[in-house]
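From first to last, the protein sequence lines are chains A and B.
Mapping of the first sequence onto my numbering: residues 1 to 781, in sequence order.
Mapping of the second sequence onto my numbering: residues 782 to 963, in sequence order.
Hints should not be assumed to be uniformly reliable.
[Unchecked claim] Quick list of the computed label-pair ranges, beta carbon to beta carbon:
#1 B/924 to A/385: 48 to 54 Å
#2 A/487 to B/929: 45 to 51 Å
#3 A/325 to B/929: 27 to 33 Å
#4 B/947 to A/30: 17 to 23 Å
#5 B/922 to A/30: 37 to 43 Å
#6 B/919 to A/368: 54 to 60 Å
#7 B/786 to A/388: 46 to 52 Å
Hints listed in this document are in silico derivations from the structure and should not be mistaken for laboratory results.
Keep in mind that this is a model prediction, so the values were computed, not measured.
Cβ atoms here follow ideal geometry from the backbone N, Cα and C, with glycine treated the same way.
Below, each chain spelled out in residue letters.
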Amino acid sequence: MRPELNHIEKIDAYLSGNMTPEEKSAFEKQISENQVLAEAVEIQKNLRKALENIRLKSAIQRVRTRYKIYKGIKYTGIVLSATLAGIMLLYSISVFFNGNSSDKNEEEWNIHIPDCPSGSNDCYTPGNLIPSQEFTIDGNQDTVITGKQGLLLVIPQGSFINEKGQTVSGKIQIELKEALDPATIMLSGLSTFSGDRLLETGGMFYIQAYQNGKKLGIVPEGILAKVPVLETKPGMMLYDGEELPDGSVNWIDPKPLVSALMPVDMSQLDFYPPGYISQIQKMELNYSDKAYRDSVYLSFEEQSIETTGIPLLGQEMFKSNCARCHYNNDQKFIGPGLGDVRQRWDSEENLRAFIQNPSELLKTGHPYANQLYKEYGKQQMPAFNMTDREIEAILEYTDSYNRYETDSIIRQMYGISPSKVLAFWNEQFNHTYLATKEFEDRMKKIHHTCDNAILDIYIQNIDKDLYYADSLAAAIYGGEFRNYAALKLGNVASADKKFRILQGFYARQAAIYKEAGIQSTRNFFQKHTELDQHAFAKSITQEAANYSREQKVLVEEYEKNLDEAYRQLGYKRPVNMTSSNNSVTALITSSGWKNIDREVWESVANRTTLDFTDEKGNKAHIGYKECRISVQAFQQFDRIQVYLVPQQLSSYMLIPGNNGTYTEKLNEFLMYDLFVIGYREQQIFLYNRSNFPPGNYPAIILEKTTLQEVNNKLGRSSNYSAAQHLQQSLEYTLFEITDEKRKNHVQWVKKMREELLPVIYPCSYLSENITYDSIQVTKTQ
Amino acid sequence: MKDDNICELIQAGQPEKAFRLLYKEYPKVRSMIRKSGGSTSDAADIFQEALLVVYRKFSSGNISVHTSVNAYLFGVCRYLWYKSQRNRLQMQADTDQVIDDNDAEQWLHEDQKVHLAEKVLTMLGNKCRELLLGFYTSGQSMEALARKFGYASVNTAKTRKYKCLESARTKFREMYQQSQKK
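Given the sequences, and given the hints that come with them, work out the whole structure.
Right under this line is the structure:
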């Protein structure tokens with residue numbers, strides 16, 4: 001080494017304290033004597049101090065950069081208003097925001113930040129070339145501002161604060177700069193760097209509020225900016241612009257975008273329970289008519305019961321968390337059966353503690369926990385990080401095993417009350433987040449929870465961002481709602497401010513719907529019960545009348561035949577024979593003539609020809625001839641009735657038959673009028689013929705007619721009483737046809753309701769999977 | 782407790798970690814400086830200067846502060862800020878009770894020569910500066926540095942280091958004489 005360098009080495013050793021005391025005192029002596037050496041030592045000392053300074057300053061620089069990125073939020077948000085903001089996409093997100101273990105990445109923080117001479121204004125101020133837009137707003141009102149390039153600012157009342165942190169009212173000036181299209185962004189000269197990472201910008205803007213020339217800050221709740229972007233790319237975030245001394249802008253403090261929701265018209269959304277529309281479509285109901293759909297839906301209000309969504313949640317939770325190791329019965333699997341878990345534990349508290357953290361409870365020496373641990377091969381259950389409610393749901397579910405064992409299955413269906421849904425599903429709520437596709441999506445999940453409380457959360461918080469309600473729902477129900485909450489969705493941009501009024505409206509509306517739903521359904525079934533009773537009474541009366549009429553006609557015919565038989569035999573008929581039912585009894589007790597009488601009776605009752613010869617050889621003949629009537633195109637008619645009115649008797653006979661063919665044996669000694677009446681709904685068709693001779697009529701054609709005409713025809717009949725009876729029968733048949741339709745309708749409604757019920761109320765206390773069958777299966781596994 | 786932590790970190794030669802903790806004071810300092818007409822970069826400068834003061838004071842083992850480190854830091858910032866503004870503003874009477882001028886001054890006042898030395902060092906080649914920083918400030922061994930900078934042997938690295946010091950010294954003399962002439 002050159003002597004010069006040795007010299008330096010020596011000084012270095014002296015300054016580092018690497019000299020022996022002797023060397024040191026000798027060297028110090030040299031310094032005191034040698035001016036040049038003293039100077040050299042001093043320079044070296046200064047250099048070392050300077051090195052230390054450089055090191056410290058670069059450390060500070062790194063800390064500062066880091067600080068700005070991590071902590072910049074705090075002061076930009078509150079003390080200073082947001083100055084520049086850009087919506088950007090980080091090209092490389094990896095190392096930058098992935099953790100707090102910054103030590104490993106220490107080298108990453110060596111970002112070169114050039115100096116801008118302090119105090120000089122020569123530094124290029126970013127965005128200078130973009131024209132400012134000035135707005136004056138009233139601080140006491142909600143205001144919406146639209147920039148020239150389409151930036152929409154929604155500024156609620158009281159959004160700005162002064163330097164003391166007080167809310168500012170009165171006139172406020174707002175300066176707005178937009179660089180939303182590529183051309184303006186280039187012109188602006190705004191960088192798109194965050195630290196040394198390049199960002200892809202979706203647009204930048206600058207906002208600053210003033211009052212009386214003083215800058216104002218923005219309240220922590222913030223104001224909402226809707227930025228028109230060409231393309232929404234995943235990972236886009238809002239960065240705050242931090243002006244660096246050299247005038248460039250560093251983009252820091254990325255925050256996820258609040259997605260403002262786009263309200264659509266309520267009528268375009270579907271808040272029915274999932275599957276409702278397709279179900280009523282399948283039933284060929286009038287599904288295109290919303291009023292009709294609503295009324296069917298609301299008709300289920302009566303079955304609505306206030307419940308929590310626990311059992312269904314419990315079932316899901318059990319399947320996804322417990323079923324791998326446990327059965328829901330008393331059988332061992334990898335772990336014990338959970339059917340009786342509640343009974344097995346000493347306290348609910350310990351059971352819950354065990355579910356949430358088994359090892360903790362084991363450590364406390366809890367006897368049962370430790371017993372289980374030993375019993376199951378020292379295999380410990382993993383900890384389940386569940387909410388109280390989720391645990392409650394599982395336990396409710398496991399309880400259902402016992403309930404099955406002890407009680408008979410009662411399936412109580414429940415779900416979201418239709419009245420609660422219909423109450424907000426109207427134009428009044430068009431400007432709330434309820435009228436968005438996003439909420440439509442959530443509503444499906446709400447139906448799935450069967451928990452009215454979850455729906456209430458969304459309705460009670462329409463003044464807040466959607467994710468606020470999402471988080472509350474996630475806290476209560478968990479599941480899908482956690483994912484929703486993570487999306488951080490905002491409210492609709494032009495959110496209706498009349499929340500209180502809306503909520504009041506909702507409450508009233510829900511009550512009205514509830515009442516209407518319950519009443520109309522009850523009224524429907526009550527009315528039909530009454531009608532059923534009425535119809536039943538009527539049918540009883542009619543049947544009784546028919547019966548006595550038939551008997552009467554029979555007896556009348558018998559009387560006539562008997563008279564005729566006597567006449568033919570040449571006897572006088574005994575007078576005590578009366579034309580009543582009793583005559584049958586009388587017949588048996590009388591002497592002498594009973595043979596004839598009985599044979600006449602049998603001939604009438606069986607409608608067979610009577611050929612009678614008495615002891616004296618006198619003969620009597622009463623012939624019965626078959627008559628066969630077939631109606632053409634009988635299928636067209638709902639019902640066909642064939643009436644024969646014997647002119648000599650007081651009432652008609654109804655001819656039995658089927659498939660449009662009616663047969664009867666006619667008494668050749670009587671004259672008949674024929675009335676064949678077809679019914680199609682309320683329309684009447686008639687074939688009518690007087691003095692109808694027996695025979696085969698293969699194709700009778702019925703003509704359209706009216707009840708009135710038939711009545712007229714009957715009215716002209718000489719057989720007044722028979723005509724009256726026939727008229728009554730006709731009217732009753734018409735009634736019966738109508739009533740049958742009504743009954744079918746009620747039947748159909750009941751069937752439809754049975755099918756719709758599980759769609760509208762998807763939850764039940766004992767749902768399908770806990771039926772006897774499924775328990776059997778798990779037991780034999 | 783926090784204070785102990787900060788002091789410990791400084792004395793353990795871990796300035797960066799200490800600075801991170803202390804940086805939480807920055808918003809207060811910044812708003813204080815902005816309120817009295819300073820800019821963000823003023824605030825950053827003052828804060829940096831104040832951090833150096835705090836660091837020097839505590840690394841010297843001279844810990845006679847009656848307040849928390851944070852309060853001391855804030856006091857130093859106020860002191861430095863009003864000092865830099867003294868010409869323009871009348872220093873307010875009630876400035877600070879936390880520190881007295883001498884105390885801060887003692888740790889603040891670096892020789893002009895040290896500033897000059899800093900400048901000289903920044904004018905050195907990157908490799909030279911890194912080598913010196915590595916050896917003198919982060920306590921890395923010559924072996925490690927030789928490996929890091931790709932020198933054939935420790936001796937080569939040592940020689941290189943002294944050559945760097947030498948050129949810095951030469952440059953320093955030059956510049957010092959120039960500044961004296963003015």
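Verification of the supplied hints:
no.	hint	verdict
1	B/924 to A/385: 48 to 54 Å	holds, 50 Å
2	A/487 to B/929: 45 to 51 Å	holds, 47 Å
3	A/325 to B/929: 27 to 33 Å	violated, 55 Å
4	B/947 to A/30: 17 to 23 Å	holds, 19 Å
5	B/922 to A/30: 37 to 43 Å	violated, 29 Å
6	B/919 to A/368: 54 to 60 Å	holds, 58 Å
7	B/786 to A/388: 46 to 52 Å	violated, 38 Å
Hint check: violations occur at hints 3, 5 and 7; the rest are consistent with the structure.
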